[in-house]
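Offset between the sequence shown (1-based) and the working numbering: plus 1.
Heads up, a few of these hints could be off.
Said to hold, decoys possible - Here are the computed lysine-lysine pairs in the PhoX-like style, where the Cα-Cα straight-line distance is at most 20 Å:
#, residue 1, residue 2
1, K133, K71
2, K45, K140
3, K45, K131
4, K143, K45
5, K140, K130
6, K143, K131
As the list claims (entries may be wrong) - Simulated restraints, written as ranges between beta carbons of each label pair:
#, residue 1, residue 2, range
7, D26, G96, 17 to 25 Å
8, N142, I59, 28 to 36 Å
9, S118, K140, 43 to 51 Å
10, E151, P15, 17 to 25 Å
11, K130, D26, 37 to 45 Å
12, R152, Q55, 18 to 26 Å
13, R104, K131, 17 to 25 Å
14, E90, K140, 25 to 33 Å
15, P48, S118, 39 to 47 Å
16, V41, D69, 18 to 26 Å
17, Y132, P24, 21 to 29 Å
These are calculated hints, taken from the structure and not from any lab test.
As the structure is a prediction and not an experimental result, all values here were calculated from the model.
A virtual CB, placed ideally from N, CA and C, is assigned to each residue, including glycine.
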Amino acid sequence: ADPARAGAATSNAPTRLSLVAAPVDSSVSAAPGALLSSWVVVVKGSPASLLGLQFTLIGSVNPDEVRDLKLTVNGVEATALPTAPGGTEFFFWLGQNPVELPRGFSTMQITGDMSGSLSGRTVRLSLIKKYKVFAADAKHNKCITPMVDERNQTTITLE
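Construct all of the structure, not just a fragment, from the sequences and the given hints.
And the structure:
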């Protein structure tokens with residue numbers, strides 16, 4: 002086998018993107034900057050560009066009680082939402098400044114502030130469907146459909 006050809010085939014492999022929910026504490030205080038959602042992002046093939054994410058709020062917390070959501074990737078803030086745009090959908094749009102996801106593993110987290118009398122209420126930010134993740138192959142600029150695994154997603158009870 003020609004090593005040059007083998008290398009070329011590897012570098013042209015299609016990008017595969019997986020988002021796997023990572024467990025978070027199941028009981029947290031409603032303090033500012035509470036960790037609400039955590040994910041391991043796996044990129045195979047070419048690097049990927051993360052363009053947007055649409056999370057659904059699940060639980061007994063009302064959307065207007067969730068404030069100052071911040072999306073961080075590998076410890077760097079990617080974008081923030083001061084309030085819910087209405088309803089239970091929280092859309093993080095990164096199109097103007099997409100997050101470049103290198104091959105391998107990355108971490109993605111959402112933190113936020115809660116307001117109101119929340120003791121005993123529950124919250125979970127969920128990527129219910131894979132089509133709620135907007136990403137592209139960074140090398141070929143083609144949309145890619147990720148695999149989303151929410152099995153380890155944690156429903157949080159607020160203290």
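Okay, the hints, checked on the actual structure:
1. K133 - K71: holds (18 Å)
2. K45 - K140: holds (12 Å)
3. K45 - K131: Holds, at about 17 Å.
4. K143 - K45: This hinted pair holds, its Cα atoms lying about 15 Å apart.
5. K140 - K130: Violated: K140 and K130 sit about 25 Å apart, past 20 Å.
6. K143 - K131: holds (16 Å)
7. D26 - G96: 17 to 25 Å: Given about 32 Å between the Cβ atoms, the range is violated.
8. N142 - I59: 28 to 36 Å: With Cβ atoms ~33 Å apart, the hint holds.
9. S118 - K140: 43 to 51 Å: holds (50 Å)
10. E151 - P15: 17 to 25 Å: Hint holds: Cβ distance 24 Å, inside 17 to 25 Å.
11. K130 - D26: 37 to 45 Å: Roughly 26 Å apart at Cβ, these two residues miss the hinted range, so it is violated.
12. R152 - Q55: 18 to 26 Å: Cβ of R152 to Cβ of Q55: about 20 Å, so the range 18 to 26 Å holds.
13. R104 - K131: 17 to 25 Å: holds (20 Å)
14. E90 - K140: 25 to 33 Å: Given range 25 to 33 Å: holds, Cβ gap about 31 Å.
15. P48 - S118: 39 to 47 Å: holds (45 Å)
16. V41 - D69: 18 to 26 Å: Holds: the Cβ-Cβ distance is about 24 Å, inside 18 to 26 Å.
17. Y132 - P24: 21 to 29 Å: Cβ of Y132 to Cβ of P24: about 24 Å, so the range 21 to 29 Å holds.
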